[in-house]
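Q: Listed here are the chains, written in short residue letters.
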Amino acid sequence: MGRDVRRTLSGITRDQRWGFAAAVLATAVLTGILAPMHSRIGLLNVGLIYLLLTLLVSATWGWQVGVFAAILTNLAFNFFFVPPLYRFSVYRPEHVAALIIFLGVSVIGGYLLSQARASAENAQRRQAETEVLLGLNRDLIGRADPAAALGALCDNVVRAFEAPGASVLSESGGRWSVLAAAGDSSARRPPDRSEALMAERAVEVDQLTWAGHTGLSDRRRPRIVLPGPQRRVVDVARGVAFVPLRIGERMLGVLRLDGPIGRAPFRDHPEQLLDAFAREAALGVERMELVRVAAHTEALREADELKTALLSSVSHDLKTPLAGIKAAVSSLLDRSVRWTQDDVASFLETIDSQADRLDRVISDILDLNRIESGAVRPVRHVASARQLLEEAIARVRASTAGRTVSIEGNDELMVETDESLVLQALVNLIENAAKYSTEGGDIRLRAERRAGRVELSVADVGPGIPDGDVPHVFERFYRSSQTRRVKGSGLGLAIVKGFVTLSGGSVRVESSPRGARFVITLPAAVGAEVA
Amino acid sequence: MTARILVVDDEAQLRRAVARSLDGHGYHARAVEDGKSALSTFETFKPDLVLLDLMLPDIDGVAVCTELRRRHHTPIIILSVVGEEQMKVAALDAGADDYLTKPFGMDELLARIRVALRRGASDRTQQPVISLGGLQVDIERRTVSLDGSDLHLTPTEYSLLKYLATNVGKVLTHAMILREVWGAEYADDTHVLRTCVNQLRTKLGDDPASPRFIRTDPGVGYRFLDPSAS
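Chains as they are written, first to last, in my numbering: chain A, 1 to 531; chain B, 1 to 230.
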């Protein structure tokens, strides 16, 4: 029985209950004023005044209260003003007609007025909804990851409803946790047992679930009817609503909105906007996930392309030294020929030099792979620029045989960098200079201070680099058309750039028809310079 | 007479090792590093065979091959690396006789050199009867016999066999065979060629896995094996 009453009343808001009381009161007051002077104002005027009251009530509280007021005023009109007075009976037929017309006009007029008001409110609410949804949409587009998107959803919900807090809950293994929240600190609270049950219910029925009949008003202490055989009724501290967030078949979580909500357009019917919010947020998250999957796929594709390019580039560099080794070894193994000492020495020299070359190619590939995969962890220390250059020269003695390699510039400069990486970069640059410059030409190394940084340069004497190639020399696999005569993988300078960047510096090239100059710029060690 | 071999490769170490090894095996080798020197040395050195690397610093190896073939029918063996398949086929189309993929053993290179030199020495196109390890192709009478018994070939099969047999030891690309036997408009119809080769093999009793006569060079073409080569 109690539940039936609640269901009957469920279409009537708390405001309307005030309307019924107000209608009774207004009718009583009006009747109290008009009744003593009924002989002076005339029946028609009294009827019009009652009609006005009915229309006002309809416009304010809706047609249900309006009909109630129409009946009430009609009864009052009949009882106090239509002869015979103080009785509900009517003598004259025209009075009967007048009462019926009065009732009809009151009801129809009141209904139309309340409808007009309702549609105006509806339009206003729609407009407000559209605005807040647009706001959410704008916010979601700006977010990069799903967690930020859920945070944006909570922010927007709190703002739209002027609510104390909103959060997104997620369940895993029977435990609910808070993924994102906005509003006051209590919005971060983990859901208690009753809230968890409501959230589960929202997921189960896939629609909004709330405490109380709107759940979000503080005018009466909200109560939760827990699902299950006991249907336990639990009082909660304040109103709360749960909206499932779903992408297709996948449950993303549950949006929890804490009451009381403040903003008028959504106060009585928050469900539409909440549903729209949930849909919009789920779409936003889905879009983000797709973007992330696409980015991941793109990264995989690029890595795959790199590997393919690397393989095709190095297969020649790996096979060529092997060809020399194989030719020399198979000759030595051939017992049908009596090789001279000179022959044997020459074959062994080929094997030795080609094995070194193979080793360099493999080191290049491994270095590039270490750079690309992020496996290099630079450790920066204060180091002497001069010592770096000297150490580099010591390492390339074999490949610069027959050339003069000199060091110029400031002896006292200190840099802050990863020594081993910069050293490797310098070695590559010097070997590069030895490979591509005029045979026997000098190689000049220099350390100097410029604009608060330290520059280490490697300059050679030679044809330089063609203008068209200069912007590309640090690209992987890039081989200048002029350097075809020198075999290489096109990896050396890419590795230089990778190592220097990791060391906290930068590298550039200057080229003229007299030679090329590669410059590594590194941060100067603070306070360590004695200029 | 000592055969002269011109080695053209831009890799100094490989060039040196191969030339030294060839000298040791009784050939007279001369090594050069680029296309221009190859063409000029060809005139003065007058080699009996050219070993040609395709990746040369100055002129495209295929262009060198074309130019050498224009001047003389000296056998050319291409030295190529994996990844240069298209260039390799282009060089064979341009008239190269054979190819070897780096890295290679000297014994393999020496065997190929022997086959190519023998081919260069005997021009079979002028012979009235080609005799190859039990197979006899009578060019004038257009008959073929295998181990003494006559074979009945279709006109296309006969043309194919004749073309392969007159170029014994030489790699013939798909395009070359198709152009020669079927005509220029068939140059891309490799499946026609494959079908005909299969029929010919059946009639010759040849096993593609261990061939006696026709060897497949995957992706390149076919060659008729020289029965006198080791």
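Hints in this document: simulated from the structure, not taken from any laboratory. Glycine residues also receive a C-beta, built at the ideal position from the N, C-alpha and C atoms. Warning: the hint list may mix true and false statements.
[Unchecked claim] Computed spacing ranges between beta-carbons, pair by pair:
id	chain 1	residue 1	chain 2	residue 2	range
1	A	D342	B	G105	18 to 24 angstroms
2	A	D342	B	T156	34 to 40 angstroms
3	B	G133	A	A309	54 to 60 angstroms
4	A	L306	B	A121	48 to 54 angstroms
5	A	V344	B	K203	22 to 28 angstroms
6	A	P466	B	T216	56 to 62 angstroms
7	B	I139	A	P466	53 to 59 angstroms
8	B	A121	A	A309	26 to 32 angstroms
9	B	K36	A	V344	28 to 34 angstroms
10	B	H152	A	D342	48 to 54 angstroms
11	B	D188	A	R246	35 to 41 angstroms
12	B	T156	A	P466	34 to 40 angstroms
13	B	T216	A	P378	50 to 56 angstroms
14	A	Q341	B	D107	54 to 60 angstroms
Q: Evaluate each hint against the coordinates.
A: Going through the hints against the structure:
no.	hint	verdict
1	A/D342 x B/G105: 18 to 24 angstroms	22 angstroms, holds
2	A/D342 x B/T156: 34 to 40 angstroms	56 angstroms, violated
3	B/G133 x A/A309: 54 to 60 angstroms	47 angstroms, violated
4	A/L306 x B/A121: 48 to 54 angstroms	51 angstroms, holds
5	A/V344 x B/K203: 22 to 28 angstroms	51 angstroms, violated
6	A/P466 x B/T216: 56 to 62 angstroms	45 angstroms, violated
7	B/I139 x A/P466: 53 to 59 angstroms	57 angstroms, holds
8	B/A121 x A/A309: 26 to 32 angstroms	46 angstroms, violated
9	B/K36 x A/V344: 28 to 34 angstroms	33 angstroms, holds
10	B/H152 x A/D342: 48 to 54 angstroms	60 angstroms, violated
11	B/D188 x A/R246: 35 to 41 angstroms	56 angstroms, violated
12	B/T156 x A/P466: 34 to 40 angstroms	54 angstroms, violated
13	B/T216 x A/P378: 50 to 56 angstroms	54 angstroms, holds
14	A/Q341 x B/D107: 54 to 60 angstroms	23 angstroms, violated
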